[in-house]
Amino acid sequence: MAKLQEAAVAQITEICDRHKDDKTPLMMILSDIQNEYGYIPLEVQELVSKKTGISVAEIYGVVTFYSFFSLTPKGKYVVGCCLGTACYVKGAQNVIDKFQEILGIKPGETSEDGLFTLDALRCIGACGIAPAVSISGKVYPKVSVDQVPQIIKELKEEAASA
Amino acid sequence: MSLVNIKIEGQPYQVEAGLTILEAAKACGYEIPSLCAFNHGECNQGSCRVCLVEATGARGLVASCVYPVNEGMEIKISSPKATEARRRSVELMLSNHNKNCQQCDKNGQCELLHVAQVTGAREGVYEGVHSETHIDTLAPGLVRDTSKCILCGRCIARCSNAHGMGILGFENRGFATFVSPAENRSFVDSPCIQCGQCVNVCPTGALMEQSEIAKVDAAIKSGKHVIVQAAPAVRAAIGEEFDNPVGTPCTGKMIAALRRLGFEKVYDVNFGADLTIMEEGTELLNRLTNGGALPMITSCSPGWVNYAEYNYGDLLPHLSSCKSPHEMQGAVIKSYWAQEKGIDPKDIFVVSVMPCVAKKAEKDREQLVTNGNKDVDAVITTRELAKMIRRAGIIFNRLPDEDWDQDIMGDYTGAGVIFGVTGGVMEAALRTVYFKLTGKECEPIEIKAVRGHDAGIREASLDINGTTVNVAIASGMKSAKVLLDEIREGKSKYQFIEIMGCPGGCINGGGQPYVRSCFMPNEADDILDTYKEKRAQALYSEDERQVLRQSHKNPQVAELYEKYLGEPNSHKAHELLHTTYAAREGFNDVK
Numbered sequence: 001m002a003k004l005q006e007a008a009v010a011q012i013t014e015i016c017d018r019h020k021d022d023k024t025p026l027m028m029i030l031s032d033i034q035n036e037y038g039y040i041p042l043e044v045q046e047l048v049s050k051k052t053g054i055s056v057a058e059i060y061g062v063v064t065f066y067s068f069f070s071l072t073p074k075g076k077y078v079v080g081c082c083l084g085t086a087c088y089v090k091g092a093q094n095v096i097d098k099f100q101e102i103l104g105i106k107p108g109e110t111s112e113d114g115l116f117t118l119d120a121l122r123c124i125g126a127c128g129i130a131p132a133v134s135i136s137g138k139v140y141p142k143v144s145v146d147q148v149p150q151i152i153k154e155l156k157e158e159a160a161s162a
Numbered sequence: 001m002s003l004v005n006i007k008i009e010g011q012p013y014q015v016e017a018g019l020t021i022l023e024a025a026k027a028c029g030y031e032i033p034s035l036c037a038f039n040h041g042e043c044n045q046g047s048c049r050v051c052l053v054e055a056t057g058a059r060g061l062v063a064s065c066v067y068p069v070n071e072g073m074e075i076k077i078s079s080p081k082a083t084e085a086r087r088r089s090v091e092l093m094l095s096n097h098n099k100n101c102q103q104c105d106k107n108g109q110c111e112l113l114h115v116a117q118v119t120g121a122r123e124g125v126y127e128g129v130h131s132e133t134h135i136d137t138l139a140p141g142l143v144r145d146t147s148k149c150i151l152c153g154r155c156i157a158r159c160s161n162a163h164g165m166g167i168l169g170f171e172n173r174g175f176a177t178f179v180s181p182a183e184n185r186s187f188v189d190s191p192c193i194q195c196g197q198c199v200n201v202c203p204t205g206a207l208m209e210q211s212e213i214a215k216v217d218a219a220i221k222s223g224k225h226v227i228v229q230a231a232p233a234v235r236a237a238i239g240e241e242f243d244n245p246v247g248t249p250c251t252g253k254m255i256a257a258l259r260r261l262g263f264e265k266v267y268d269v270n271f272g273a274d275l276t277i278m279e280e281g282t283e284l285l286n287r288l289t290n291g292g293a294l295p296m297i298t299s300c301s302p303g304w305v306n307y308a309e310y311n312y313g314d315l316l317p318h319l320s321s322c323k324s325p326h327e328m329q330g331a332v333i334k335s336y337w338a339q340e341k342g343i344d345p346k347d348i349f350v351v352s353v354m355p356c357v358a359k360k361a362e363k364d365r366e367q368l369v370t371n372g373n374k375d376v377d378a379v380i381t382t383r384e385l386a387k388m389i390r391r392a393g394i395i396f397n398r399l400p401d402e403d404w405d406q407d408i409m410g411d412y413t414g415a416g417v418i419f420g421v422t423g424g425v426m427e428a429a430l431r432t433v434y435f436k437l438t439g440k441e442c443e444p445i446e447i448k449a450v451r452g453h454d455a456g457i458r459e460a461s462l463d464i465n466g467t468t469v470n471v472a473i474a475s476g477m478k479s480a481k482v483l484l485d486e487i488r489e490g491k492s493k494y495q496f497i498e499i500m501g502c503p504g505g506c507i508n509g510g511g512q513p514y515v516r517s518c519f520m521p522n523e524a525d526d527i528l529d530t531y532k533e534k535r536a537q538a539l540y541s542e543d544e545r546q547v548l549r550q551s552h553k554n555p556q557v558a559e560l561y562e563k564y565l566g567e568p569n570s571h572k573a574h575e576l577l578h579t580t581y582a583a584r585e586g587f588n589d590v591k
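Chains A and B are the protein sequences, given in the same order. Counting in my numbering, the first sequence runs from 1 upward without gaps. Counting in my numbering, the second sequence runs from 1 upward without gaps.
Please note that a few of the clues may not be correct.
[Unchecked claim] Restricting the straight-line Cα-Cα distance to at most 25 Å, the calculated cross-link-like pairs of lysine to aspartate or glutamate (DMTMM-like) are: (1) Lys50(A) - Glu340(B); (2) Lys481(B) - Glu46(A); (3) Lys436(B) - Asp411(B); (4) Lys90(A) - Glu112(A); (5) Lys481(B) - Glu43(A); (6) Lys481(B) - Asp21(A); (7) Lys50(A) - Glu183(B); (8) Lys74(A) - Glu58(A); (9) Lys20(A) - Glu43(A); (10) Lys20(A) - Glu489(B); (11) Lys50(A) - Glu489(B); (12) Lys51(A) - Asp411(B); (13) Lys478(B) - Glu43(A); (14) Lys553(B) - Asp21(A); (15) Lys26(B) - Asp463(B); (16) Lys478(B) - Glu36(A); (17) Lys374(B) - Glu340(B).
Calculated directly from the structure, the hints in this document are not laboratory data. Predicted model, so just to flag it, every value in this text is computed and none were measured.
All chains should be modelled from the sequences, with the hints used to inform the complete structure.
Here is the structure:
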């Protein structure tokens, strides 16, 4: 098992301590770790288990139950394609298929360059602008299959210039 | 105890308040089929939905395993609505099950098949996709096959109740859910101690022991000298496999069966247990007088040794360096016995019959190889022995009572017999330590303070010739952890601690016959509360029947020292009978 860096141990420990008086702290701890550390690998779960006394299997169960939690680092851009009913009938499946084709990853996976994570979302409440794609907080309305290459190109350029 | 009035199928009954409908119905003489419920809610998620009944005051059908009775409640088990719902629950479960009953080792003791028959579940009602199958056959002790799993959660609850560990958990969600160690790892790549308690509660064949019957068959076929040795706890439970009441000692019939199965010699591991006491008692006295890590902790239970290596690497010097009894005896068979008989140790194959699945992993430890030979070659469980007996067509209950082979390793004492129950190793050791310190036998022989049959910590204080010896006993890792944390914090007041992996000790080992009330119509309702005590009693009564009840009185053990080993803890004894431990990482790097 890969050992966690000292800084990571301190960070996770601090997050666990933050919730040590909570009655059921696991969800809060995992949310904070996801947000601040970026993902929740097994090493981190072992540390949380040690701090909270909750078994690794239970923590792993929670992490794999909720799609919000991730076992692997997410990319710089998290591409969330809405596949809710409205978006779906407006062709969202074709849109996510195009992202898959160009990025070479399946939903839930991250591209090798670490830039993109593809997520399939259920309704994000933007039915009026279906099909909607949410990329790291920014919502793209009425996305067509033809727009997909351009969106990816722009994000790659943005990343390169940053 | 307050009572409430209820009606079941229109008949009035008075039952204890606070019971679930399932328990109340059982007390009144109704067996509602159920799968996820086990032992008063020890394992109980209300998840399988097989125990649905109608009850007044509830909206719709209720899961009787979690719904409590209350005053005036009218319960209908046999209404068409309830019977149909129960049947449908089972049919849905079967729709995602591999239904490979003929090849399944659980057949005959499978609760899913039982409820399928009881509820009248029909074949092929719900056809469709199956969820992905995950199979783990890498562990020497355990096999996991999710295609037979019904997601009841019993194994998860038992792992956490017995050990506070929770190796198993639910992974993913919805249709993709399955039960496994984190990351869908094999048991061998997780801190699982392979105690097999999960196997004991699994209602289906999803969790089983790794069978070694084929290995034994091959050895017998090869013409090797196949020697069998049986652990004390096996005799206290094997009878249950052949419908004897729980707690029937079946030593004589078990020996007769082993002889008929083609083993060349049939020995009792109690000889090894007596030997263990000689070595371990001497080791304790050495540590007490010459210094050494105290408290000293017993090392007979491989489940416990696994736990120590995974979680308390810093405390390993506290473990006795003694091999477990069957490993000691295996080493003696392949040295002393082989020499006396003029047989090349390479031509000897030692089979241990054990109440344990962790012993299957133990026998493969690289530390348990002496002079290039494995001390023990195969380990079969009590359940596997019963299978071999049935396969051979032997009618167990009609066998004569026979005795162990009596040549140079046939003698054993009552001290060895009680190894099979929590507190037994401690009692056996104290009988001998007392004698060594005082030159007199401990009176009375029984040291009741250390006795018990359940998990939890017991302690005792003995005054031996002015020396006070404080001892403690724990079984199940939840209790053991308390004692270990005390040692780690420097607060332990004990000199000697006995730890057993399974709650109650070997009598409740992961390789023992399943205790399922639905298959035991002649046992009392509370059999799940009493079976450990009954099995323990079978061992204590065998101890009482022995003329020799202290290990140091075993004449053949004395002869072994005289002829071969010298004295306890001698150089030769260390070579053959002692071992080492090494800290291990729980979740090792498998990527």
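Query - Indices of hints not satisfied (ascending) - result: Checked against the structure, the hints that fail are numbers 1, 4, 12, 14, 15 and 16, while the rest are satisfied.
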